[in-house]
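Chemist: The lines below spell out each chain.
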Amino acid sequence: MIKQVKGMTGNEAVAWAAKLVNPDVIAAYPITPQTIIVERYSEFVNNGEVDTSFIPVESEHSAMSSCVGASLTGARVFTASASAGLALMYEILYVASGLRCPIVLAVANRAFSAPINIHGECTDQLVCRDASWVSLFGESAQEAYDETIMSFKIAEHPDVLLPTMFGIEGFIVTHALERVEILSKSEVDSFLPERDVDLKFCPDETNTFGSLVLQDYYMEIKRQQEEAMTNAYRVTKEVMEEFTELTGRTMEILEKYKLDDADYAIVSYGATAGNAKAVVDRLRAKGEKVGALKIRLFRPFPSLDIYKALKGIKAVTILDRSVTFGSPGTIVQNDLASALYGRENIPTLHGYINGLGGRVLTLPEIEEVYEMSKHYNEINMSSTTDWVGYRK
Amino acid sequence: MESKKVPKEFNKWIKEKWGTSDLPIGGVVPYHTAYAYKTGDWSAFKAIIDKSKCISCMNCYYFCPDAAILMDDELKADCDLEFCKGCGICAKHCSADAIEMRRLTR
Amino acid sequence: MLELPRISVKDLQEWSKLSDVLTSGHRLCAGCGAGTMARQVTIAAKALEDPLMIVNATGCLEVASTIYPYTAWNVPWMHNAFENAAATAAGAIEAMNAMNRKKDESARKVNMLVFGGDGGTYDIGIQSLSGAVERGHRFLYVCYNNGAYMNTGIQRSGGTPMAAATTTSPAGKVIPGKIKWAKPLAEIMAAHEIPTYTASPAYPRDLMAKVQSGLKHDGPTFLLVDSPCSLGQRFPPSISIETTELAVKSCFFPLYATSKDEWLLTGESARIAKNPVRKVPVEDYLKLQGRFRHLFKPEWKKKLVEIQDTIDDRWERLLRKAEY
Chain A
1 MIKQVKGMTG NEAVAWAAKL VNPDVIAAYP ITPQTIIVER YSEFVNNGEV
51 DTSFIPVESE HSAMSSCVGA SLTGARVFTA SASAGLALMY EILYVASGLR
101 CPIVLAVANR AFSAPINIHG ECTDQLVCRD ASWVSLFGES AQEAYDETIM
151 SFKIAEHPDV LLPTMFGIEG FIVTHALERV EILSKSEVDS FLPERDVDLK
201 FCPDETNTFG SLVLQDYYME IKRQQEEAMT NAYRVTKEVM EEFTELTGRT
251 MEILEKYKLD DADYAIVSYG ATAGNAKAVV DRLRAKGEKV GALKIRLFRP
301 FPSLDIYKAL KGIKAVTILD RSVTFGSPGT IVQNDLASAL YGRENIPTLH
351 GYINGLGGRV LTLPEIEEVY EMSKHYNEIN MSSTTDWVGY RK
Chain B
1 MESKKVPKEF NKWIKEKWGT SDLPIGGVVP YHTAYAYKTG DWSAFKAIID
51 KSKCISCMNC YYFCPDAAIL MDDELKADCD LEFCKGCGIC AKHCSADAIE
101 MRRLTR
Chain C
1 MLELPRISVK DLQEWSKLSD VLTSGHRLCA GCGAGTMARQ VTIAAKALED
51 PLMIVNATGC LEVASTIYPY TAWNVPWMHN AFENAAATAA GAIEAMNAMN
101 RKKDESARKV NMLVFGGDGG TYDIGIQSLS GAVERGHRFL YVCYNNGAYM
151 NTGIQRSGGT PMAAATTTSP AGKVIPGKIK WAKPLAEIMA AHEIPTYTAS
201 PAYPRDLMAK VQSGLKHDGP TFLLVDSPCS LGQRFPPSIS IETTELAVKS
251 CFFPLYATSK DEWLLTGESA RIAKNPVRKV PVEDYLKLQG RFRHLFKPEW
301 KKKLVEIQDT IDDRWERLLR KAEY
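Residue numbers (the numbering used here), protein chains in the order written: chain A, 1 to 392; chain B, 1 to 106; chain C, 1 to 324.
The hints are simulated quantities; they were obtained by calculation from the structure and are not laboratory data.
Just to be clear, a hint being listed does not mean it is correct.
[Stated by the list, open to error] Chain C regions said to be covered by chain A (calculated; three or more residues, Cβ under 8 angstroms):
{"id": "1", "region": "58-67"}
{"id": "2", "region": "72-84"}
{"id": "3", "region": "96-102"}
{"id": "4", "region": "122-131"}
[Unchecked claim] Derived Cβ-Cβ restraints for the label pairs, each shown as a range:
{"id": "5", "chain 1": "A", "residue 1": "Glu49", "chain 2": "C", "residue 2": "Pro184", "range": "37 to 45 angstroms"}
{"id": "6", "chain 1": "A", "residue 1": "Glu39", "chain 2": "C", "residue 2": "Lys103", "range": "24 to 32 angstroms"}
{"id": "7", "chain 1": "A", "residue 1": "Glu205", "chain 2": "C", "residue 2": "Pro5", "range": "24 to 32 angstroms"}
{"id": "8", "chain 1": "B", "residue 1": "Glu82", "chain 2": "C", "residue 2": "Pro184", "range": "21 to 29 angstroms"}
{"id": "9", "chain 1": "A", "residue 1": "Lys222", "chain 2": "C", "residue 2": "Gly153", "range": "25 to 33 angstroms"}
We put the beta carbon where it would ideally sit given N, CA and C, even for glycine.
Excised from the complex, chain A in its bound form:
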């Protein structure tokens, strides 16, 4: 297979991938660092290169609202946001999943105000974990490109029909120019067939969408969502396998790096995973038995796969570019703890809140927290949580 390669930033990769998908509707509102996605796409629209209806709404709340309205007609729908914008959508995220709208949302992960900050941090997406959205993270422009296309296939699968978001870190990925292997229109068309919709909002059907559902039926409707989320785990795996076949690049819900013989592991997601792998190489050179695990699929959380990957490891260092206050651990650490608790041969978990507001976590700092986790384990301390990379 001859690979076509292009230099693109993360945002451009999303826009060009979306162009191949050619969604029916994009409703979006500008917010740094997401803007380039919608700017590029607006050019495609205004130059007649796509058929998409672009709705330049007056807020992110209306962006997600328009996406819901559009998705229920049976259309293929895409939007992008970040930070405050995602927070403004929050109410409608639940409506989108509750009404089973397979909307795809690209998140340019950015820190929350206050203090206001425009740089990379993943708290914005992680706190949407309970909204019944499939949630993916990408490490690079390539993964941004790939996840844009895969997200539609996951979301629109008849066993799923849940909205799907994927995140790339603001500036670190969204604005960094990288090498991206691209696909052709025909490859994407055969990978992603047209939406097949059962009941839709259209003149020929008399469906009522968005009823008031009270105590007598609410739990059943919600339970359907949970079952769809369970299905999303299987479907995501299948879609990634199919994508791997299409591109020849291995795409999995978890990326395991030198874990097979490891005593220690560094768990991360998004762009941090690149640094984690670099540190693993440095530590391996010093004779440390360490590997890395990258979480690509955050919701549904692949508990069993993670257990299998970390079984027998002594201690895990979790690099979490997000913050939660007054919590027993970092956001991802909490999920890891739930996934592993009560199983055999599990590691101690050492979570490190880092990189907030775009702060760079250096390779020596990662080495340092790795040594710390190892030390905690050696002195028989159970799991710990701390901050790293800030001035005391």
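Starting from the structure of chain A, add chains B and C where the hints point.
Modeler: Okay, now just chains B and C, sitting in the frame of chain A:
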């Protein structure tokens, strides 16, 4: 008078109290079903229409909030007792004084 | 040029043969103005050629008509949330346009109706509405104004008139109900340079003509309906229609159509303009309603005068705009 019925399938839906695996996903309801919910027992008062007086002015039909006025083939008004909530608007605005609100005991 | 279709009693008779859009079995209160309003609006829409689709903001009409698994809507109908009905409709319209475009089908016309109450329109939904109107999606937005957040228990809204008692603007010892007048919503929407109408369900032919005019327009249009509420405005259910009739007759709620500086008084309001003796004192309207009862105590007599003066002043200004 036109009968207001829901599809048989829906009766099954409410009687069997469908669960997670049977209900259409996302809470969508595929056809109108409110005819299975009779609001006629909300009030003992009902609009009793003297058809012989009706002049087809249509006031009752367009003022009724409940679509509980039915026009027959001769465009004379009838009250649908299964759904009339007894508000009395039609009686108040009848051009021909043909409607009386009466207490019906069951 | 503003032109409204003429609707005859014969039309009303003919349209009674159409199947109901809002069916019996909904659970709005007995005598609810929203029920009457929604029936008139949807019958007028149904009488047109193109198919009807509805987006409904959260509120009494939405809640009471779709208590699962019952729904009283015999057309495609969608509810998303409280503040986003206009944006939701915009999404649906543009999605259908895009799908038609892809299939190379000539755009199939649909009549998109959006319903929102005063809370969902004057207050929390005005941003979404203004944005959608600016972008020019083709829909008729119908705001049924009953003057408070009735669905949550009669709290004051931006559509509540001066001095009305609500649960968050009660008739107190020092403050007699709501302090300020309602937002001039129809004027705000008219300032978007779109056809804008006001109507009352007491005058169905006038209301329905405006619905049909609005839906035929190639772009967004706005209709503000005075919607009586027996529970929240506090009067017996049987006088719902009488109440809104008096709102019109007292010029508290004038009926008009406007587009780009052209102002056309319609129906009873046009008759009052030509024959001012038809205008009744605003007290006739206020005294029917429990929400204004406190104004009839001696200590608030001044407030009654202030209300009448304001109504008179607004009516005079409207007459000038309509060139009477």
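Chemist: Hints numbered earlier in the text: which of these fail when held up against the supplied structure?
Modeler: Hint 8 contradicted; others consistent.
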